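Trainee: From just these sequences and the hints, can you work out the full model?
Protein chains in written order, with the UniProt record's numbering: chain A, 1 to 315; chain B, 1 to 315.
Note that these hints are calculated values from the structure, not bench results.
Since we're looking at a predicted model, the values are computed, not measured.
Do not take every clue at face value.
Said to hold, decoys possible - Listed next, with one range per pair, are the computed distances between beta-carbon atoms:
#, chain 1, residue 1, chain 2, residue 2, range
1, A, D306, B, P164, 33 to 41 angstroms
2, B, R211, A, S254, 50 to 58 angstroms
3, B, P164, A, D7, 30 to 38 angstroms
4, A, V220, B, Q290, 20 to 28 angstroms
5, B, R68, A, D7, 30 to 38 angstroms
6, A, D248, B, G14, 52 to 60 angstroms
7, B, P292, A, S254, 49 to 57 angstroms
8, B, A130, A, G315, 48 to 56 angstroms
9, A, R244, B, Q290, 55 to 63 angstroms
10, A, R244, B, E255, 54 to 62 angstroms
11, B, P292, A, G122, 48 to 56 angstroms
12, B, E63, A, P307, 35 to 43 angstroms
Backbone N, C-alpha and C fix where the C-beta goes; we use that ideal spot for every residue, glycine too.
Protein chains: 2
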Amino acid sequence: MRLVTIDDIRTAAGRIAGTAIRTPLLEQQWADQGPLWLKAENLQGIGAFKIRGAYNAVAALPEPARQRGVVAYSSGNHAQAAAVAAKRFGIPAVIVVPDSTPRVKVEATAAHGAEVVEVPIGERESAAYALAEERGLTLIPPFDHPDVIAGQGTIGLEIAEDLPDVEVVLIPVSGGGLASGIGTAIRALCPDAKVFGVEPELAADTAEGLRTGSRVDWPVDDRARTIADGLRSQPSELTFAHLREVLDGVVTVSEDEIRAAVRVLATRAHLVAEPSGATAAAAYLFHREQLPVGRTVAVVSGGNIDPALLASILG
Amino acid sequence: MRLVTIDDIRTAAGRIAGTAIRTPLLEQQWADQGPLWLKAENLQGIGAFKIRGAYNAVAALPEPARQRGVVAYSSGNHAQAAAVAAKRFGIPAVIVVPDSTPRVKVEATAAHGAEVVEVPIGERESAAYALAEERGLTLIPPFDHPDVIAGQGTIGLEIAEDLPDVEVVLIPVSGGGLASGIGTAIRALCPDAKVFGVEPELAADTAEGLRTGSRVDWPVDDRARTIADGLRSQPSELTFAHLREVLDGVVTVSEDEIRAAVRVLATRAHLVAEPSGATAAAAYLFHREQLPVGRTVAVVSGGNIDPALLASILG
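Mentor: Shown next as structure tokens:
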């Protein structure tokens, strides 16, 4: 299996410039458990990192295939990302989302001109493949593709440029595209840094898989329990192979810790994070004993939280 | 009366580098009423722009005076700013705050090692002068000082660097230090841009003063009505003289518009803004008819909102 390289990530960086925002790396002065920077991917145009991988994958398509259009399935942010990428190229996009997706994400996707199809969470992948077949669309997967991984990896490039002496990088893990890409970049550019994935306890399949040495399947209904609705997927063979190479470990965080991290990010960092996007900060806040001491970057992967949920966490 | 110049602002920029964050200027893709960038001063270490002016003023003091310490009065964010600036120099700080100040701001100030004195809002200035006299401290005013104005002006330098063809700049106005400084920088570097102050309707003394041609006093109890607790001051002779020079107008926004802007900033821009910090965005959202069309920057001046208030706005 060929893994994504730093050269693939550099190529992706050239493609996405002008579409993805180069998000700020924000030093936190309140953080008294060791120096902390937040990579604020919640400040991307779509409110999440997913635009990087989706746009890179669409940009890499041969022109005739691209013109026929794309289809994507997603728990939410990849949906918006694929829709925006298609809009940029002026091509059709069909987005398959689980019917449990927060309204805020469904509406944001439709607002970008995409056709949105809602299906039960277990059927989203098969429905997307069927649509691709029927309509001649190219499937843009949320994580299981080298171009998607390379696109997400551009975050690692930016971290290495902005903080070359970073010592610890904390990255949410779901399907693993984000951690695969960032980990690959950090390994290449900051070889002394330690890279950790972060998962909810309720969707800790990657922690178990890396411990046992091979990918494990958790029932989708189990994974659907976590409040971190963006972290309910699990790695593919491709991303798992990357994670084995690039991760020094996985930290698991509880639901209460995720909620507390959303609150801390809002009140201390003045950033709105969705639960998935707050997990890396939760690891910093509540699991220092499992992490090396040092200059730490937590990736805040997204900010698309339902306002009512944010209100309940703050109130 | 000598007004602050672009050279003063450049000097301030050199002093505050390494203490104040160079905050990101964030392009907003959701903004369908014309191109919008947010200058995210809520992402400063203290959650507000005030560190720029306070640090510049402390840094500019002669060494013997600085060693005796400083005193400041403030509705909140300047308090934290003066405390942090003093801590950086290792000198004593006494902060006088109105007894109506949100707890989040009082606690943040004390956490920086300052002595906090709470007094009725009308007495904060006199109390600060009395403390300065008694203890030999230097008063660092929240806005009525050339070094404070020059420090806030560094925001304008950054806007001009990041978006040289900016056409409209929207700035919250209270005591007027922020708008005086930014306006001076924009006038010098982007002479074609229009610069507007933004005030709550309930504290619209500057709008009235510029209309009538001279500074007006509104009763402090009237100004205390607005939810924008950072915008309850009014200009001094010094800042009013600057505002006459640099503002093309003042837009006033309602309390409902301020609340709505806090919500939009959280849900669309993923930024936590305090009410005062959301007023410029409110002008963009709800008063387009009073503003020129064009590439617009709204300054999000701060993010220190009580979590319960943010929850009530989102819920």
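Trainee: If a hint holds in the structure, say so; if it doesn't, say that too.
Mentor: We went through each hint and held it up to the structure:
| no. | hint | verdict |
| --- | --- | --- |
| 1 | A:D306 <-> B:P164: 33 to 41 angstroms | holds, 38 angstroms |
| 2 | B:R211 <-> A:S254: 50 to 58 angstroms | holds, 57 angstroms |
| 3 | B:P164 <-> A:D7: 30 to 38 angstroms | holds, 34 angstroms |
| 4 | A:V220 <-> B:Q290: 20 to 28 angstroms | violated, 52 angstroms |
| 5 | B:R68 <-> A:D7: 30 to 38 angstroms | violated, 59 angstroms |
| 6 | A:D248 <-> B:G14: 52 to 60 angstroms | violated, 40 angstroms |
| 7 | B:P292 <-> A:S254: 49 to 57 angstroms | holds, 51 angstroms |
| 8 | B:A130 <-> A:G315: 48 to 56 angstroms | violated, 40 angstroms |
| 9 | A:R244 <-> B:Q290: 55 to 63 angstroms | holds, 59 angstroms |
| 10 | A:R244 <-> B:E255: 54 to 62 angstroms | holds, 55 angstroms |
| 11 | B:P292 <-> A:G122: 48 to 56 angstroms | holds, 53 angstroms |
| 12 | B:E63 <-> A:P307: 35 to 43 angstroms | violated, 50 angstroms |
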